[in-house]
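Below are the chains, spelled out letter by letter.
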Amino acid sequence: MQKVQLFITCLTEQFYPGVLKKMVGILEKLDVEPVFPENQTCCGQPFFNSGFQSEARKMASAWLKTFGRSDLPVVSPSGSCVDMVHHHYPELFSAGSAEHTLAVDLAGRTFELTDFLVNQLKVVDVGASYPHKVTYHASCHQLRGLGLKSEPKQLLRAVRGLELVDLPEEDVCCGFGGVFSVVYPEVSRSMMENKVKNIQRSGAEAVVACDAGCLMNIGGGLNKAGSPIKALHIIDILAEKGGDR
Amino acid sequence: MKTSASNPVIENVRRSLGRQPGQATPARPPILPARQPGDQEAELDLLLKEINAVAGVAQRMDPTRLEAALADLVQSQNVRRACLWQTPFIQELQLTALLQRLGVEIIPAQAEKHVLATCDLGVTEVDFALPQTGTLALLSAPEKPRTVSLVPRVHLAVLRPQALGADLHQVFAEASRQPYLIFITGPSRTSDIELTLTIGVHGPQGLYVWAFA
Amino acid sequence: MSETPSYIEFAEYSEHVPTNIPAAVQQATARFLGNRQLRIGEMPQWEELRQAASDIRLHTLLNLDSYLEKLEQQVTQAGGTVHWAEDAEAARQIVLGLARQHNVKTAVKVKSMATEEINLNHAFEQAGIEAIETDLGEFIIQLAGMGPSHIIVPAVHMKKEEIAQLFQEKLGVDAPPDPIKLTAIARTALREKFLNAEMGISGANFLVAETGTLVIVTNEGNGRMCTTLPDLHVAVVGIDKVVPDWESLTVLLKLLARSATGQKITTYTSFMTGPRRQEGESGPKEFHLVMLDNGRSKILQDPVGRDVLKCIRCGCCLNVCPVYKNVGGYAYGWFISGPIGAIFSPQVLGTEAARELPFASSLCGACVDVCPVKIPITQILLHLRRRVVEGDSIAPASAAPMVRSGAKLGALAFGVPWLYKLGTQLLPVLMAPLAKAGWIKALPAPANRWTRVRPFPAFAGGFRQWWHRRKK
Numbered sequence: 001m002q003k004v005q006l007f008i009t010c011l012t013e014q015f016y017p018g019v020l021k022k023m024v025g026i027l028e029k030l031d032v033e034p035v036f037p038e039n040q041t042c043c044g045q046p047f048f049n050s051g052f053q054s055e056a057r058k059m060a061s062a063w064l065k066t067f068g069r070s071d072l073p074v075v076s077p078s079g080s081c082v083d084m085v086h087h088h089y090p091e092l093f094s095a096g097s098a099e100h101t102l103a104v105d106l107a108g109r110t111f112e113l114t115d116f117l118v119n120q121l122k123v124v125d126v127g128a129s130y131p132h133k134v135t136y137h138a139s140c141h142q143l144r145g146l147g148l149k150s151e152p153k154q155l156l157r158a159v160r161g162l163e164l165v166d167l168p169e170e171d172v173c174c175g176f177g178g179v180f181s182v183v184y185p186e187v188s189r190s191m192m193e194n195k196v197k198n199i200q201r202s203g204a205e206a207v208v209a210c211d212a213g214c215l216m217n218i219g220g221g222l223n224k225a226g227s228p229i230k231a232l233h234i235i236d237i238l239a240e241k242g243g244d245r
Numbered sequence: 001m002k003t004s005a006s007n008p009v010i011e012n013v014r015r016s017l018g019r020q021p022g023q024a025t026p027a028r029p030p031i032l033p034a035r036q037p038g039d040q041e042a043e044l045d046l047l048l049k050e051i052n053a054v055a056g057v058a059q060r061m062d063p064t065r066l067e068a069a070l071a072d073l074v075q076s077q078n079v080r081r082a083c084l085w086q087t088p089f090i091q092e093l094q095l096t097a098l099l100q101r102l103g104v105e106i107i108p109a110q111a112e113k114h115v116l117a118t119c120d121l122g123v124t125e126v127d128f129a130l131p132q133t134g135t136l137a138l139l140s141a142p143e144k145p146r147t148v149s150l151v152p153r154v155h156l157a158v159l160r161p162q163a164l165g166a167d168l169h170q171v172f173a174e175a176s177r178q179p180y181l182i183f184i185t186g187p188s189r190t191s192d193i194e195l196t197l198t199i200g201v202h203g204p205q206g207l208y209v210w211a212f213a
Numbered sequence: 001m002s003e004t005p006s007y008i009e010f011a012e013y014s015e016h017v018p019t020n021i022p023a024a025v026q027q028a029t030a031r032f033l034g035n036r037q038l039r040i041g042e043m044p045q046w047e048e049l050r051q052a053a054s055d056i057r058l059h060t061l062l063n064l065d066s067y068l069e070k071l072e073q074q075v076t077q078a079g080g081t082v083h084w085a086e087d088a089e090a091a092r093q094i095v096l097g098l099a100r101q102h103n104v105k106t107a108v109k110v111k112s113m114a115t116e117e118i119n120l121n122h123a124f125e126q127a128g129i130e131a132i133e134t135d136l137g138e139f140i141i142q143l144a145g146m147g148p149s150h151i152i153v154p155a156v157h158m159k160k161e162e163i164a165q166l167f168q169e170k171l172g173v174d175a176p177p178d179p180i181k182l183t184a185i186a187r188t189a190l191r192e193k194f195l196n197a198e199m200g201i202s203g204a205n206f207l208v209a210e211t212g213t214l215v216i217v218t219n220e221g222n223g224r225m226c227t228t229l230p231d232l233h234v235a236v237v238g239i240d241k242v243v244p245d246w247e248s249l250t251v252l253l254k255l256l257a258r259s260a261t262g263q264k265i266t267t268y269t270s271f272m273t274g275p276r277r278q279e280g281e282s283g284p285k286e287f288h289l290v291m292l293d294n295g296r297s298k299i300l301q302d303p304v305g306r307d308v309l310k311c312i313r314c315g316c317c318l319n320v321c322p323v324y325k326n327v328g329g330y331a332y333g334w335f336i337s338g339p340i341g342a343i344f345s346p347q348v349l350g351t352e353a354a355r356e357l358p359f360a361s362s363l364c365g366a367c368v369d370v371c372p373v374k375i376p377i378t379q380i381l382l383h384l385r386r387r388v389v390e391g392d393s394i395a396p397a398s399a400a401p402m403v404r405s406g407a408k409l410g411a412l413a414f415g416v417p418w419l420y421k422l423g424t425q426l427l428p429v430l431m432a433p434l435a436k437a438g439w440i441k442a443l444p445a446p447a448n449r450w451t452r453v454r455p456f457p458a459f460a461g462g463f464r465q466w467w468h469r470r471k472k
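So the protein lines, in turn, are chains A, B and C.
With this note's numbering, the residue at position 210 of the first sequence is 210, and numbering never jumps.
With this note's numbering, the residue at position 35 of the second sequence is 35, and numbering never jumps.
With this note's numbering, the residue at position 112 of the third sequence is 112, and numbering never jumps.
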């Protein structure tokens with residue numbers, strides 16, 4: 001049986017623990033045994049993106065130590081965190097150093113969940129059923145950082161009964177941007193409201209994303225707008241009726 | 001002329017790059033290969049189509065229809081004064097005489113700019129033409145002033161097939177040592193006011209291109 | 001507005017964006033992007049062109065000294081004069097000096113970002129010499145006393161009624177609110193200036209080192225007017241605008257208009273080498289090229305930041321940027337806005353003056369995807385954020401020490417496992433009173449910066465406990 005290390009990410013842990021539990025269920029259903037390195041905290045992305053590269057480096061070191069103990073691949077429900085590991089971790093350490101080597105090694109075996117399912121396990125149908133109209137928001141790091149353009153939609157299209165409708169401006173940033181949302185709240189507001197309008201225009205009952213940050217922002221925005229449209233993580237859908245143990 | 005030894009800007013650049021005076025420069029990275037042209041008729045068709053797509057008025061022409069076409073142009077564009085390049089081809093077409101016969105006053109192309117500005121029509125030949133973008137390329141010389149294709153309200157350009165070039169590489173190979181080259185693609189335009197397209201700003205308001213065999 | 005700012009207040013501006021700006025800007029950008037998509041569809045070699053352009057631009061920057069020398073040699077040989085301006089003041093003095101020397105009463109200007117960068121118009125105004133913008137959009141905002149809201153269509157935020165009124169007031173003519181008629185009014189007004197001006201001032205889109213050739217692109221023909229009719233032509237150009245040879249232009253010219261407005265090519269592209277060669281030819285008698293440094297040579301030291309100098313000023317990054325499209329050009333505080341402005345201004349003005357700009361981005365990366373010369377904009381933004389809060393070899397930190405301490409504390413809370421786990425367990429309990437149906441509507445400052453826009457999700461946690469229970 002294949003084993004993977006779970007990289008649960010700070011935001012998903014704080015705000016969407018249900019997503020993590022469902023992710024465990026989906027992996028086990030696919031004969032993948034998750035292990036959970038206890039010492040993980042945060043990958044350091046919020047610090048890195050704010051310019052605090054020294055702090056981010058310390059957190060990256062800790063992350064590498066935690067996940068580097070094993071040579072199992074790492075799987076995570078967050079595109080932006082995986083992008084941090086892939087693209088920025090190697091940059092934080094001098095070429096030739098042991099940490100740099102470890103960073104490159106881990107970058108090569110850390111996968112965002114949809115990438116893991118579709119490209120590693122070669123699975124598109126996880127046996128889920130969700131007979132609703134759903135639209136997909138392409139998170140920036142998922143799309144541009146990791147280049148995962150089709151994988152989430154491939155998974156959604158295989159869900160029984162699910163009708164995938166187009167989201168106008170699907171690849172335009174929702175306005176979260178991590179610290180950006182609190183550094184320039186009014187600009188973040190304009191971007192979020194634009195995203196919410198587009199979601200409402202799509203006619204969907206739910207909007208799906210692969211990143212907790214986007215979901216916090218979009219979900220909050222939909223709530224504020226009094227909209228009944230749900231903001232779900234793709235794992236929520238993949239775990240529906242038969243996708244979960 | 002300041003030598004670079006006394007040139008603080010170049011010195012600063014050198015220092016920033018960690019380079020020495022006279023240090024060799026590697027070859028410039030490669031560019032994309034040239035385009036292979038289609039057959040001449042197809043190229044001409046493409047050129048005319050592209051010019052028309054940018055609000056130019058381009059058509060094939062032959063000397064037998066020339067006088068009527070000129071009469072039409074003079075009338076529809078209200079041409080009272082014109083200036084012309086005097087190239088062998090333009091002389092061969094007898095454009096000056098034809099325009100005079102139509103009652104158009106001919107101003108010498110080398111006239112002072114204020115006088116040239118009273119011209120309604122400027123007539124030039126085309127030195128090179130780029131079919132893919134509908135671009136006319138004109139050189140400059142005392143008998144072919146740049147002002148003729150710029151100042152008058154209407155620009156008429158006559159084209160011979162030998163002007164057709166395949167692409168920028170070809171045109172640049174021939175024109176890069178010239179002191180002046182202008183690419184003209186359609187009449188002048190702007191969308192600066194509420195994104196509303198307006199043809200005819202500072203350059204000519206009308207561009208006519210007549211392609212001869 | 002193009003005065004060199006001492007501090008750029010993006011935050012302040014972003015809190016009070018005038019309502020007409022986003023709509024106008026979004027209309028323009030949507031048009032340009034739509035057309036650009038059509039053009040890209042016609043160009044199967046688009047990605048190869050971008051890579052070639054990026055390589056050529058970087059190559060030029062890394063060997064800039066020798067290309068600048070070649071350029072100077074060629075321009076001089078062609079009968080032009082090259083001047084070197086280390087900073088904006090030096091450039092202004094050179095251009096003013098030439099104007100005075102030639103008894104210039106009126107200068108006509110082609111749109112040139114370099115001249116906005118050095119605030120040339122203001123210097124001319126002070127010297128009592130008329131310097132008229134001739135690009136229609138620039139002409140309009142000059143009359144209105146405003147700065148540009150977009151690099152390519154600077155007056156896009158103004159309605160035709162406003163422009164009509166402006167023309168009525170400032171030009172003393174009957175001006176109907178009709179774009180075609182307003183353009184005709186501008187054409188007539190400016191024609192007189194073109195014909196009588198003693199001096200034409202321009203920038204350049206490219207400078208070809210191989211032959212000393214200036215390349216200028218316009219749609220209106222004002223570029224040709226300003227550089228053909230007056231006897232004196234002065235061009236102010238950043239040293240980063242050099243390209244090695246004409247062959248390089250075969251790549252760059254295919255990308256520029258398509259990236260900027262979605263046209264295949266602009267109406268006019270002028271290639272000018274020196275003043276006119278013979279009597280009886282048209283064109284300027286005298287040509288002066290002012291090469292502007294103004295911080296660019298220093299930027300070359302920075303292996304990450306210097307990619308900003310590859311820019312060919314197409315404006316495409318503005319067109320895709322959701323931040324720019326919601327605030328417009330003024331928010332960026334200087335002549336250059338959008339993503340390129342956010343990485344240019346802090347490097348030229350310094351991170352002290354422009355420290356709000358590197359953060360004026362959600363790092364979405366849309367700009368990186370479209371930049372025709374592949375500037376790694378998000379990479380440079382992160383690099384500059386670090387310069388602001390931590391400092392680096394180029395500049396010390398400009399963020400308040402308190403910010404640094406805050407980050408250290410945050411790193412402890414997030415980074416030390418037992419502290420983090422404790423937080424994860426405590427927060428749901430502590431925050432429970434504030435949460436209703438999974439959302440917290442209001443939080444105290446500074447967290448209210450989130451909740452003033454939308455509710456915050458309730459803290460949940462509990463995964464680790466769940467995981468442990470399963471193991472049993």
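Hints are computed from structural coordinates only; laboratory data are not their basis.
Fair warning: this is a prediction, and the values are worked out from it, not measured in the lab.
Watch out, some of these pointers could steer you wrong.
[Stated by the list, open to error] Heads up, incomplete: computed chain C residues facing chain A, CB under 7 Å, no partners named:
| # | residue |
| --- | --- |
| 1 | 34 |
| 2 | 359 |
| 3 | 457 |
[Unchecked claim] No more than 30 Å apart at the CA atoms, straight line, and that leaves these computed lysine-lysine pairs for DSBU-like:
| # | chain 1 | residue 1 | chain 2 | residue 2 |
| --- | --- | --- | --- | --- |
| 4 | A | 149 | A | 122 |
| 5 | B | 49 | C | 181 |
| 6 | A | 153 | A | 65 |
| 7 | C | 170 | C | 105 |
| 8 | A | 21 | C | 471 |
| 9 | A | 65 | C | 471 |
The C-beta atom is built at its ideal place from N, Cα and C for all residues, glycine as well.
Going through the hints against the structure:
Interface hint at residue 34/C: violated, since its Cβ lies 13 Å from the closest Cβ of chain A, which is beyond the 7 Å cut-off. A hinted interface residue such as residue 359/C counts as satisfied when its beta carbon comes closer than 7 Å to some beta carbon of chain A; here the least separation is about 5 Å, so the hint holds. A least Cβ separation of about 4 Å between residue 457/C and chain A falls short of the 7 Å threshold, and the interface hint therefore holds. Using a Cα cut-off of 30 Å, the hinted pair residue 149/A and residue 122/A holds, with the two alpha carbons roughly 16 Å apart.
A hinted pair counts as satisfied when its Cα atoms are at most 30 Å apart, and residue 49/B with residue 181/C qualifies at roughly 29 Å. Pair hint residue 153/A plus residue 65/A does not hold up; C-alpha atoms about 34 Å apart against a cutoff of 30 Å. Straight-line distance between C-alpha atoms of residue 170/C and residue 105/C comes to about 19 Å, which keeps the hinted pair within the 30 Å bound. A hinted pair counts as satisfied when its Cα atoms are at most 30 Å apart, and residue 21/A with residue 471/C qualifies at roughly 13 Å.
With a C-alpha separation of about 24 Å, the suggested pair residue 65/A and residue 471/C falls inside the 30 Å cut-off, and the hint holds.
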